[in-house]
Amino acid sequence: MNALDMIIFNLIGAFTAMVPLVLTSVGAVVSERAGVVNIGYEGILLMSAFFGAVFAEISGSPWIGLLGGAFVGMLLGMLHGAITVYLKGDHIIPGIGINLLALGVVAFGIPAVWGTAGQHQVPSTVRISPIINTSYGGISPMILITIIITFLTHWVLFRTPLGLRIRSCGENPEAADSLGISVEKYRFLATVYGATLAGLGGAYLSLDWLGTITKELSSGRGFIALANMVFSGWNPIRALIGGFLFGFFDNLSIWVSTNPGVQKIIPWQFVATLPYLVTIIIVAGIIGRARPPKWDGKPYKRE
Amino acid sequence: MKKSMFALFLIGVLAFSVVASGCIGGEKETETKTEYAGKIAIVYDVGGRGDLSFNDMAYLGASKAAKDFNLELKEVQSKQESDYLPNLRSLAKSGEYTIIIAVGFMMTDAIKQVADEFPDQKFAIIDGYVPDKPNVMSILFKENEGSALIGALAGLIAANDGKDTVGVVLGIEIPVLYKFEGGYRFGVAWAEDYYKQKEGKDVDIQILYTYTGSFTDPAKGKTAAQAQLGQGAWVIYQVAGAVGLGVFDAISEYLQSQGKEFGPPFAVGVDSAQDWIKPGVIIASMMKRVDVGVYKAVEAAVKGTFKGGIVELGLADGGVGVSTIEDIKEMLESLPEDVRAKKLEEIGVASEEELLKKIEETRKQVPDWVWDAVKELEEKIKSGEVKVPKAFNKDEIEAIRKAKDWKEMMKLAEEWESE
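Going down the list, the protein sequences come from chains W and P. The numbering of the first sequence is the working numbering, which starts it at 2 and goes up by one. The numbering of the second sequence is the working numbering, which starts it at 232 and goes up by one.
Heads up, a few of these hints could be off.
The list that follows gives simulated cross-link-like pairs (lysine-lysine, PhoX-like), each with its CA atoms no further than 25 Å apart [what the hints assert, rightly or not]:
| hint | chain 1 | residue 1 | chain 2 | residue 2 |
| --- | --- | --- | --- | --- |
| 1 | P | 635 | P | 429 |
| 2 | W | 265 | P | 625 |
| 3 | P | 589 | P | 638 |
| 4 | P | 432 | P | 606 |
| 5 | P | 538 | P | 295 |
| 6 | P | 343 | P | 538 |
| 7 | W | 265 | P | 613 |
| 8 | P | 295 | P | 427 |
| 9 | P | 642 | P | 364 |
| 10 | P | 611 | P | 429 |
| 11 | P | 635 | W | 265 |
| 12 | W | 186 | W | 295 |
| 13 | P | 611 | P | 642 |
| 14 | W | 265 | P | 394 |
| 15 | P | 642 | W | 265 |
| 16 | W | 299 | W | 186 |
| 17 | P | 324 | P | 534 |
| 18 | W | 265 | P | 295 |
One-sided and incomplete, this derived list gives chain P residues near chain W with beta-carbon spacing under 7 Å [what the hints assert, rightly or not]:
| hint | residue |
| --- | --- |
| 19 | 444 |
| 20 | 536 |
| 21 | 540 |
| 22 | 565 |
| 23 | 568 |
| 24 | 570 |
| 25 | 572 |
| 26 | 610 |
Bear in mind the hints are in silico, worked out from the structure with no lab data behind them. Backbone N, C-alpha and C fix where the C-beta goes; we use that ideal spot for every residue, glycine too.
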């Protein structure tokens, strides 16, 4: 085994796998910083992967497909925002609803749209083409976009008045309200922003990374992204690092467990737990105890 | 005011989704008015028609049997897992059907229950294990034999190109998959020996294997295939359901990066003739001939040779095998016209002929003597001269992994058989 090969493979793999996780985590950070919990990202990823492919094939352009996926994410975010922010509903239940809805919509949607059940291959003409094609896999432009979005979000959240207002809605909505900030508006917009990013990540799954749509394409990435958000202490740049680390060790574990020499010594099941363990240890180790925004997940109603 | 608007909106969404799901998932029943000698029924699992795999192949077999024996075929779609029991029960209750066939192991429990309720009704289940009911025929497949052919194909392609590594990407580590892995190993070992006798050169082909722990996440398959390619794998066999789609994509991307339209490296498909999914990338598929299984069950019921218990179909019965161009053609032709046209468009070919031509060309990348060698092994397994071990637990697969050559593996097969 060539060590250089291994490093290049794992770096490219990590950047590739990180995109949906980081986009979702960063979106979730903004949403929760404003005080809205959304556990529906798993469903948003799945549905926008599906609709992203639909939009791309209708329009013939992968970029319109990506925007279409983000648009579906936005709609679902608006649904969640409407229920939690304006109707003061519970934050968990609509998320469960979205996850269940996605399972149904996609399972029925694949045969309804493409005539085949269970899976559909996205034609290569409407897939995002990589910047460079290497024998270790392509390097997608979405990697760059993800990094830019992360830094931009971080900057807005911590360096601008807009960010301060968003955070105040999650930390102390009463104080924010008394200063004339429309808590409902900021919370709603933050929720929609979070879901839109997840939608972008979902469309990336089908239109870029995997080139296929299946009934369970998201495979728990929405939940991993939520965990990553918590371990990163509700901080976009740390979420980026966390997502990268997870991707890196996820790849490394597959590489290592495929190696015949290693297989004889360590069972693959153990190696497969490494990405989770290492990510938790590193990310949580850096930041120590994670403290959520004070009003996270609590509906705010003016007295 | 605002609230009531939202409530109305939500009710609207709800009503729409109920209507929509009713439209999409309606129970499909085919009936035509002609004089039939009898009736048979087939119950699909949640995958349903159009999966280009299990259910479509079951339909192929059932419709062929219906035509050959002049029977009326009733198809029943299952929308969700909770439909299995009522579907089977209502068919059995009518008492009109010579045999009721359930497609897929997920229906095992439902079949057991209904078989007890209606002891006079004949049932067959594909891929389900029901050994002890007199009115249920369980049709299983010897995947180890089919996988041995794939192993031989992979091993010889690698040896022919001067490579020393092949791979297999598997799903969750469950005993059924040991059958595939063991058979594959046997085939590769056989190929080593064959190549040595043909070319007089020693080859030592190592097998990379990855249990991905999933049947649903294509990303896992893609990463595993990339890792195997990076470590030199020349042919990768996928035994992992939807995870395998990632394997195809990884190899396709690898070929693109080298500016090649055709492999090697190649992927190998599983269950149905998957060659059409990515022509140029997939050299062949290990087919589980569900159609043959269904046909045999109907035949047995019609001719009165039906017996409850396990029927295991291997190479000799045509139950497993390496996909041929004919298989792909048959599969394509079983699709409704509009679906077929759409599939061809997605693959990026103008017509069925063009697709088949491309698949043929893919196969021509491998010299004829390799295909002949695979045929030779097939004949030997059919005649019983060569026996492929069937690993069913951890100890057995470990024994195969440790075995030095195929003769040693065959000894294991004979040992296990006599037990």
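Quick one: which hint numbers does this structure break? Sort them smallest to largest. 3, 7, 8, 9, 18, 20, 21, 22, 23, 25, 26
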